[in-house]
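Working from the sequences, and respecting the hints, build out all of it.
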Amino acid sequence: MIHLLGGLSAVLATALFIFALYWMNDPKTARRGVIAGVTGMTVAVVATWIQPEIVHHGWIVLAIFAGFLVGVPLSRVPLTAVPQRTALSHAFGGLAAGLVGTAEYFLWLGGPATAAAQLTPFRMSALVAEVILGFLTFTGSLMAAGKLQEVRWIPQRPVTYPGQNVVNIGVLAIAVALGVLLVLNPGTPWAGQAFLAIAGLALIFGVLLIIPIGGADMPTVISILNAYAGLAAVAMGFVLDNKLLVTAGALDGSSGLILSIIMCRAMNRSFTNVLFGAFGKAQPAALAAGEQKVWKQETVEGASQLLEQARTVVIIPGYGMAVAQAQHKVRELYDALTKRGVTVKFAIHPVAGRMPGHMNVLLAEANIPYSALVEMDEINPEMPQTDVALVLGANDVVNPAARYAKNTPIYGMPIIDADKAKTVLAVKRSKKPGFAGIDNELYVLDNTWMLFGDAKAVLADLVKQFGGGGIH
Amino acid sequence: MTPPPADFGSMLFVFVLATFIGLGVIRRVSRLLYTPLMSLTNAISAIAVVGSIVVTGADHPLTIRILGAVALFASMTNIVSGFMITDRMLKMFKKQ
Chain A
1 MIHLLGGLSA VLATALFIFA LYWMNDPKTA RRGVIAGVTG MTVAVVATWI QPEIVHHGWI
61 VLAIFAGFLV GVPLSRVPLT AVPQRTALSH AFGGLAAGLV GTAEYFLWLG GPATAAAQLT
121 PFRMSALVAE VILGFLTFTG SLMAAGKLQE VRWIPQRPVT YPGQNVVNIG VLAIAVALGV
181 LLVLNPGTPW AGQAFLAIAG LALIFGVLLI IPIGGADMPT VISILNAYAG LAAVAMGFVL
241 DNKLLVTAGA LDGSSGLILS IIMCRAMNRS FTNVLFGAFG KAQPAALAAG EQKVWKQETV
301 EGASQLLEQA RTVVIIPGYG MAVAQAQHKV RELYDALTKR GVTVKFAIHP VAGRMPGHMN
361 VLLAEANIPY SALVEMDEIN PEMPQTDVAL VLGANDVVNP AARYAKNTPI YGMPIIDADK
421 AKTVLAVKRS KKPGFAGIDN ELYVLDNTWM LFGDAKAVLA DLVKQFGGGG IH
Chain B
473 MTPPPADFGS MLFVFVLATF IGLGVIRRVS RLLYTPLMSL TNAISAIAVV GSIVVTGADH
533 PLTIRILGAV ALFASMTNIV SGFMITDRML KMFKKQ
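Keeping their order, the protein sequence lines are chains A and B.
Count the first sequence with our numbering and you get residues 1 to 472, in order.
Count the second sequence with our numbering and you get residues 473 to 568, in order.
One thing to keep in mind: the hints can contain errors.
Stated by the list, open to error - Restricting the straight-line Cα-Cα distance to at most 25 angstroms, the calculated cross-link-like pairs of lysine to any residue (SDA-like) are:
(1) A:K243 <-> B:V542
(2) A:K243 <-> B:T491
(3) A:K243 <-> B:R560
(4) B:K563 <-> A:E375
(5) A:K243 <-> B:R499
(6) A:K243 <-> B:V488
(7) A:K345 <-> B:R503
(8) A:K345 <-> B:P533
(9) B:K563 <-> A:K243
(10) A:K243 <-> B:S502
(11) B:K563 <-> A:E365
(12) A:K243 <-> B:A530
(13) B:K563 <-> A:A366
(14) B:K563 <-> A:P27
(15) A:K28 <-> B:V542
(16) B:K563 <-> A:A15
(17) B:K563 <-> A:F19
(18) A:K28 <-> B:D531
(19) B:K563 <-> A:T39
(20) B:K563 <-> A:E332
(21) A:K456 <-> B:R560
(22) B:K563 <-> A:A81
(23) B:K563 <-> A:D461
(24) A:K243 <-> B:I493
(25) A:K28 <-> B:R503
(26) B:K563 <-> A:Q325
(27) B:K563 <-> A:L74
In short, the hints are calculated from the structure, not lab data.
In C-alpha cells form, the structure reads like this:
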C-alpha cells in the first residue's frame, strides 16, 4: 500500500513539475509555477519519508533544518549576485548526486550479497556516470561561482597553458576508463580504490574545465553546468531505480540544454568551442591594421540634451550595468525621459550579463515594465529609426566588427545594431577593451560619443540634469 | 531484484519521454524569464532529496548516513533557495 502511494506520488510530482515549467511561458502565470513546484516537491519528500525503511528521522530533520538555515539567506542575495548563486546551486546539486552515488556504491560493494550480483553492468554504468557528472559539476560550478563572485584566489582571467586540452581530456578519459574496468569487473579487490579514484579525477576535471573560461562565456557555461546537474540527477534515478528522479532530472537537463544552445547561437560558437576554445584569451592586435581612430568624449550636459531632444531612445544594457548596480538609476532616467514624451526601449542581447536573462531580472527589479524590454531580433529593425542608442556597460554585443572581422573571436556573433542609430552614447567604465579582449569599433564611429565613468555615477549625473532643470 | 535489461529499458523509456516533454515545454518559456527558469529547474532537480533521504534515513552504516546527510543538506539548500529566489524574481515581473 505504502509503496503504491510512493508510485502515485511520483506521477503527481512529475505532472506538477511539468506544469511548473509550462506556466513559465508568461510572466503573468509564472508564479503559479513556483506553487506547483513546491507542491510537487513536498509530495515527493513526504512520500519518501513515510516509507518503512526510513528509521533515522532525527538525521533527516537535522539535515533539512540545516538546508533551510543556508537556503533562506542564499535566496535573499542581491539580484546582481544571482549568477553566483545559480552556479553555487549547481554545485550543491552535483555534490548531492556525487555523494549519494558514492554512498550507494559502497553499500552494494560491502553488502551481504556478492558485489558482482548487486553491481550489475547497468547499475554500475549508471553509478559511474552519476559520480563523474556529479563531482565534475560540483567543482566546476564552485569555480564558476568563485569567478563570478571575484573570489581573490580564483583567477578571473582565463588561465591557459600549452597542451591544456590534452590534459583535460586525458583526466576525463582515465576516469571513464576506470569506470569501464569497474563495469567489467565489479568484484575485483581494488574496486573500492578505483571508484574513489574516479570520484577524485572527476573533481579535478571540474576545476580544469573551468579555469580557461572567461567572463563573457559564463552564460553558456552556467547553462551547460545546469544540464550536467540535471543529467547527474537522471543518473541517480537510474541507480536507485527511481522514475521521479529520472523525469525531474530530464526536465532540468533539457532546460540546461536549450539554454546552452540559445547562448551558443547568440555567440555564434559551438559547445566544444566554448569549453575548449579559451575565448577570453586576449587576441593580439586583432584590429591593429588601419589608422588608429580616437573616440570623442561627450559631457553629461551634452548627453542629456541629446537625450531630451530625441523621440526614441534605445538603452542597451550589459554587464557593466550589473557591476555598477545601476539598474535603479536606469529606472530614474527612464522615468525622466518618458515623462518628456521620449519613447524608451531596452535592447536585450541573449548573452548580455553573466547568465541567461540576467538583464531582464535586473531591470524588472528596478520596476521597468517588461513590455519595454525588447529582444535583439525585434529591436534591430528599429535601430535605423532610433535617435539615440545609449550603450550602458555593454561591449562585445554591440561591436560592429562582429559582422566582418574574421580574425576576431566575436566574428559572426549576432549583435545589437547600435551603430545604426542616428547617435550613439556609450557609457564605459574605463578605456580598456571588453572581455573578448578586442577593441570596440563602435566607440570610434563618427556618430558615437563616449561618457567615461561608473555607469551608476554617470546616470546619476544625467538624471540630475533632467531633475534640476539645469539645461534650460 | 528485477532483471536488469527490463529495468534499463523502462528507465530509458521514461528518460527519453521526459526529455522530449522538457524540450517542448522549455522552448515556450518566455525569454524574459530565463534567470528564474534556471533557479526553478534547479530547485526541481533537487528532487535528488528523495535519494538522499533514503541513504540518510535507512539503517545503514554510519559513514554512509553521513554522506547521505550532507547530500540531503545540499539538496534541501537548493530546494529552499531555488524556490524562494524564483518567487522573489517572478514577483518583480508581476507587479506592473
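> Given the proposed pairing of K456 of chain A with R560 of chain B, does the C-alpha separation stay at or below 25 angstroms?
Replying inline: 24 angstroms, holds
> Is the hinted pair K563 of chain B and T39 of chain A satisfied, with a Cα-Cα distance of at most 25 angstroms?
Replying inline: Distance ~19 angstroms between K563 of chain B and T39 of chain A Cα, so the pair holds.
> Between K563 of chain B and P27 of chain A, is the straight-line Cα distance small enough, at 25 angstroms or below?
Replying inline: At roughly 9 angstroms apart (the allowed maximum being 25 angstroms), P27 of chain A and K563 of chain B satisfy the hint.
> Do the alpha carbons of K563 of chain B and F19 of chain A lie within 25 angstroms of each other, as the hint requires?
Replying inline: 18 angstroms, holds
> Are the Cα atoms of K563 of chain B and L74 of chain A separated by 25 angstroms or less?
Replying inline: Holds, at about 17 angstroms.
> Quick one, are K563 of chain B and A81 of chain A close enough, alpha carbons at most 25 angstroms?
Replying inline: Holds. K563 of chain B to A81 of chain A sits at ~18 angstroms (cutoff 25 angstroms).
>> Check the hint pairing K243 of chain A with R560 of chain B against an upper bound of 25 angstroms on the C-alpha distance.
In response: 30 angstroms, violated
>> For a C-alpha distance cap of 25 angstroms, please report whether K563 of chain B and D461 of chain A respect it.
In response: Violated: K563 of chain B and D461 of chain A sit about 30 angstroms apart, past 25 angstroms.
>> K345 of chain A and R503 of chain B were given as a pair; does the straight-line alpha-carbon distance stay at or below 25 angstroms?
In response: Judged against 25 angstroms, a Cα distance of about 16 angstroms means the pair holds.
> Within 25 angstroms, alpha carbon to alpha carbon, are K563 of chain B and Q325 of chain A?
Replying inline: 20 angstroms, holds
> Is K28 of chain A close enough to V542 of chain B, meaning Cα to Cα at most 25 angstroms?
Replying inline: Answer violated: K28 of chain A to V542 of chain B is near 37 angstroms, above 25 angstroms.
> Regarding the pair K243 of chain A and V488 of chain B, is the alpha-carbon distance no greater than 25 angstroms?
Replying inline: Since the Cα atoms of K243 of chain A and V488 of chain B sit roughly 12 angstroms apart, the hinted pair holds (cutoff 25 angstroms).
The structure fails hints 3, 8, 9, 10, 15, 18, 23 (numbered hints given earlier, in ascending order).
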